[in-house]
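Chains as they are written, first to last, in UniProt numbering: chain A, 1 to 345; chain B, 1 to 345.
Don't take every hint at face value.
Which copy? The list can't say, so a pair holds if one copy fits it or any two copies do.
Dumping the calculated DSSO-like pairs for lysine-lysine here, alpha-carbon to alpha-carbon at most 27 Å [claimed, not checked]:
id, residue 1, residue 2
1, K163, K29
2, K304, K163
3, K320, K188
4, K203, K21
5, K138, K11
6, K188, K12
Simulated from the structure, these hints should not be mistaken for lab results.
Protein chains: 2
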Amino acid sequence: MSDSSDRTEIKKLGEFGLIDKISGNFINKNSNTVKGIGDDAAVLDMGTHYQLISTDMLVEGIHFDLSYFPLHHLGYKSVAVNVSDIAAMNGIAEQITVSLALSNRFSLEAIDAFYEGVKAACEAYNVDLVGGDTTASKAGLVISVTAIGKVEKGKVAYRSGAKLNDIICVTGDLGAAYMGLQVLEREKQVFLENPDMQPQLDKYTYIVGRQLKPEARMDLVHELLDLNIVPSSMIDISDGLASELHHIATQSGVGLNIHEDKLPFASAMQEAAIEFKLDPNTAILNGGEDYELLFTISQGDFEKVKNHPDIHFIGYINEKSNGLNLVTNNGNPIPLKAQGWDHFS
Amino acid sequence: MSDSSDRTEIKKLGEFGLIDKISGNFINKNSNTVKGIGDDAAVLDMGTHYQLISTDMLVEGIHFDLSYFPLHHLGYKSVAVNVSDIAAMNGIAEQITVSLALSNRFSLEAIDAFYEGVKAACEAYNVDLVGGDTTASKAGLVISVTAIGKVEKGKVAYRSGAKLNDIICVTGDLGAAYMGLQVLEREKQVFLENPDMQPQLDKYTYIVGRQLKPEARMDLVHELLDLNIVPSSMIDISDGLASELHHIATQSGVGLNIHEDKLPFASAMQEAAIEFKLDPNTAILNGGEDYELLFTISQGDFEKVKNHPDIHFIGYINEKSNGLNLVTNNGNPIPLKAQGWDHFS
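Between the sequences and the hints, there should be enough to build the whole structure, so can you do that?
So this is what it looks like as structure tokens:
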């Protein structure tokens, strides 16, 4: 398989290391390529505006388990997570392509259910399905979505723009999608051990919903536009808050402190974490898949959003030498580790 | 898995039926969406020009077999087949995204080999790699590529524009990629039965090369531009000449005749077909994967290209009532069946 007798495992680099290694070998040649690999979306110059292109792959057995993930939710989520990448550049999604590799265990009715979800998401986010590919697969279902969006040239938000003293903001609440996944995995085990058992999901409606039906925060992008705020940096929370903070800090060349008592979470998430004997902070910091927006704003913009019910101010950008810290409730700064996901380990 | 107790198999519709069924449920809402599903690429209005977006998925065990497909060739081909879709709209590719789902049986050296091929293709076609996704897979390798290109608004070539009496043109030669695949499959069987046997590929260099390293015909797009010819319709030959002719005829609402004695092929293809006891016409008409361009031009444009060494004039567009026919060497018209590929059967 390899061209050489040397063999290095992928997990040695991890996903982010792999991306860095790949992108290091490529140089952009076309003058309209403004930004290639390395942010939530590529940026292309269309003259009057910037175009944003983002692509994500969802793989059965890695990103979803069809034993508890309804296909119409999966269709919706496939679109939402890509629209979220466009939102993370402060852009507005307009088109998507959806490609599927699927085995013949899928019926037409199953495919219909998937595309019902795609259609619902296209309507919710006002995007057009303009293409895709449908092919057979010898194994599981693989979904590849590309989202296309636009942003005014002066309003694009990169990961790399955070400045000293900027305020770190996060939308919504964190950790719930991860705890929803834990509940679904547990109910699956219960079912496998005793197929007569009915899943007990009623009290977990909120957190399970966050896992199965995440929303892209396009609403926030429109609100920031209305408020005339351009975030100095932005990213969506797909891998976990800690991991995304590391991306912003590294690409902006800064350090930062976030405060434990400012981290937003839902009580249902906290209750589930306690039930599962997990530290709620672990879910908040490393859970991922909430698809909320993490962004920084200048101090001057604070007045415009300080009373916003869904934006939480969790910390400040600092000197690079400060590193990344979580200031705990008792006032101690502890280094913030980027755990994130590593599917290759 | 399905939401309903009814179950309809995908193969009942086939790939093209499935695409029609999906696209029928979607209505475009954004004013810059000019053309969605149904051609080689989607067409978006960028004000000064049209943008073209095309996406393809390549699945291990369906589209390629790693026991004889070197990874650097696979990287090159993944880009080339998508650039070919942009060429098929008479456009020029500028950017691509490449996503991979791969299992941990792939080493970093294997991924490097794949991206070497991607890089070589990016250089050959002058496109920038601007994004992608890299994820784990529990099974085989899945590659998803999206190509982005542009075309002057007055020069886009759809499948739907063929007019009565237009001349049907095809570039290069046909059937070789298919016969190359037959050789590779046979050598694989020989090897499996006797691992000490060395593959005998020397005399098949041309046809095996057509399978392993196809080129997108961007050169032809540039030449047509220089000659000031806008094809009335165009498509690339990925599924086979007969299948592509059906797409053009159906979408243009016309019939057509092609002539057996005008079909271009390489002698190496013919020799291999005879050796494999196959009718060379089967490989030419239904082989697929040659990635040549099939297009129609008005009679008025014929003078400009009549001496072109790599454009072959294989027939004429006719009334719809005429149907699609192959006029054999003895002058008999026989109905042209669209076989193409059906991975779901």
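Against the structure, the hints:
1. Taking the shortest alpha-carbon separations for K163 and K29, neither the intra-copy value of 30 Å nor the inter-copy value of 38 Å comes in at or below 27 Å.
2. Taking CA atoms no more than 27 Å apart as the test, K304 paired with K163 passes inside one copy only; the shortest distance there is 19 Å, against 60 Å between copies.
3. Neither within a single protomer nor between protomers do K320 and K188 lie at most 27 Å apart by alpha-carbon distance, with minima of 44 Å and 56 Å respectively.
4. Taking CA atoms no more than 27 Å apart as the test, K203 paired with K21 passes in neither setting, with 45 Å inside one copy and 38 Å between copies.
5. In this assembly of identical chains, the alpha carbons of K138 and K11 lie at most 27 Å apart whether taken from the same copy (25 Å) or from different copies (15 Å).
6. In this homomeric assembly, K188 and K12 never come within 27 Å of each other (Cα to Cα): the closest approach is 32 Å inside a single copy and 33 Å across copies.
The earlier numbered hints that this structure contradicts are 1, 3, 4 and 6.
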